[in-house]
Amino acid sequence: MATQDGSEEVIMETEAKPKEAEPLCEDAEKVDTETTSYTDAGDATTQDSSISNGDNADGEQEMVDLKIIWNKNKYDLKIPVDNTGAQLKERIHSLTGLPPAMQKVMYKGLLPEDKTLREIKITNGAKIMVVGSTINDVLAVNTPKEAVQQEVKAEENKKEPLCSQKQHRKVLDKGKPDDIMPSIKGTKERLPTVPLSGMFNKSGGKVRLTFKLEQDQLWIGTKERTEKVPMGSIKNVVSEPIEGHEDYHMMAFQLGPTEASQYWVYWVPVQFVDAIKDTVLGKWQYF
1 MATQDGSEEV
11 IMETEAKPKE
21 AEPLCEDAEK
31 VDTETTSYTD
41 AGDATTQDSS
51 ISNGDNADGE
61 QEMVDLKIIW
71 NKNKYDLKIP
81 VDNTGAQLKE
91 RIHSLTGLPP
101 AMQKVMYKGL
111 LPEDKTLREI
121 KITNGAKIMV
131 VGSTINDVLA
141 VNTPKEAVQQ
151 EVKAEENKKE
161 PLCSQKQHRK
171 VLDKGKPDDI
181 MPSIKGTKER
191 LPTVPLSGMF
201 NKSGGKVRLT
211 FKLEQDQLWI
221 GTKERTEKVP
231 MGSIKNVVSE
241 PIEGHEDYHM
251 MAFQLGPTEA
261 SQYWVYWVPV
271 QFVDAIKDTV
281 LGKWQYF
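In the UniProt record's numbering, the protein residues as written are 1 to 287.
Be a bit skeptical, because a hint or two may be false.
[As the list claims (entries may be wrong)] Derived EDC-like pairs: lysine to aspartate or glutamate, alpha-carbon spacing no greater than 16 Å straight-line:
#1 Lys235 x Asp216
#2 Lys78 x Asp65
#3 Lys166 x Glu243
#4 Lys188 x Asp278
#5 Lys212 x Asp278
#6 Lys127 x Asp76
#7 Lys185 x Asp247
#8 Lys170 x Glu243
#9 Lys78 x Glu90
#10 Lys176 x Glu246
#11 Lys127 x Asp216
#12 Lys277 x Glu189
#13 Lys202 x Asp173
#14 Lys108 x Glu119
#15 Lys185 x Glu240
#16 Lys89 x Asp76
#17 Lys176 x Glu243
#18 Lys89 x Asp65
#19 Lys115 x Asp82
#20 Lys188 x Asp114
#21 Lys185 x Glu246
#22 Lys108 x Glu214
#23 Lys67 x Glu214
#24 Lys185 x Glu243
These are computed hints drawn from the structure, not numbers from a lab. What you are looking at is a predicted structure, and each value in this text was computed from that prediction instead of being measured.
Put together the whole structure using the sequences plus the hints.
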């Protein structure tokens, strides 16, 4: 029995040894698991930090809230203040479906495409006026206008200089108005926020031009009355430097289908001539 008991004790001791080793293996596995978990946690932390940095970078762009007004519809638009006028047109396209080439975007005059909104000094809540139609509508409206403009230009080439014509000389011979706005030769400026005043009309009376961009209208004001003309109805705009005073122009707005409907304005400061044409005729002028 002693031998048997001893054998049993040996067997028990033999079986007991693996049991003592098992916790060591379990502890090792725990260490590996903890190490792995720690590493994974570290990777996850790094990844989250990277994503967070990306979000912060996007959020650092300074934004400006705009009110886009087109075709009696209003749209809210949030855009980076360092975007250009051309980029703004692309965003307007996504809102309205109006192609950039067909847009006449106005903020204190025609919006320049190559400058940023910051440079133009657009602020939060600014109203941006957009004038334009679909391609088919523009073609339908401007096909006759193109013919009129080409005809007018051809006729002008055949005639003597405007300044030499009798109908204009009687106004120009009165001389420069005392209260005319100052001119800056060799420069181009956007339309001022105040009306252009101190000029003469064909009858020699004082006239002022007010550009109501939000209504897409040109207001021609005299002492007697103010005529509100839709810019889309103006068929053409012509101008010519005044001889001897090239820093001022004489300018005509063609309000009907023929030259007989031209409304003449004298002593327009030269720096505003291009801005007037662009604002009235838009990007689709043909000359």
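- prompt: What hints, given by number in increasing order, does this structure fail?
  reply: none
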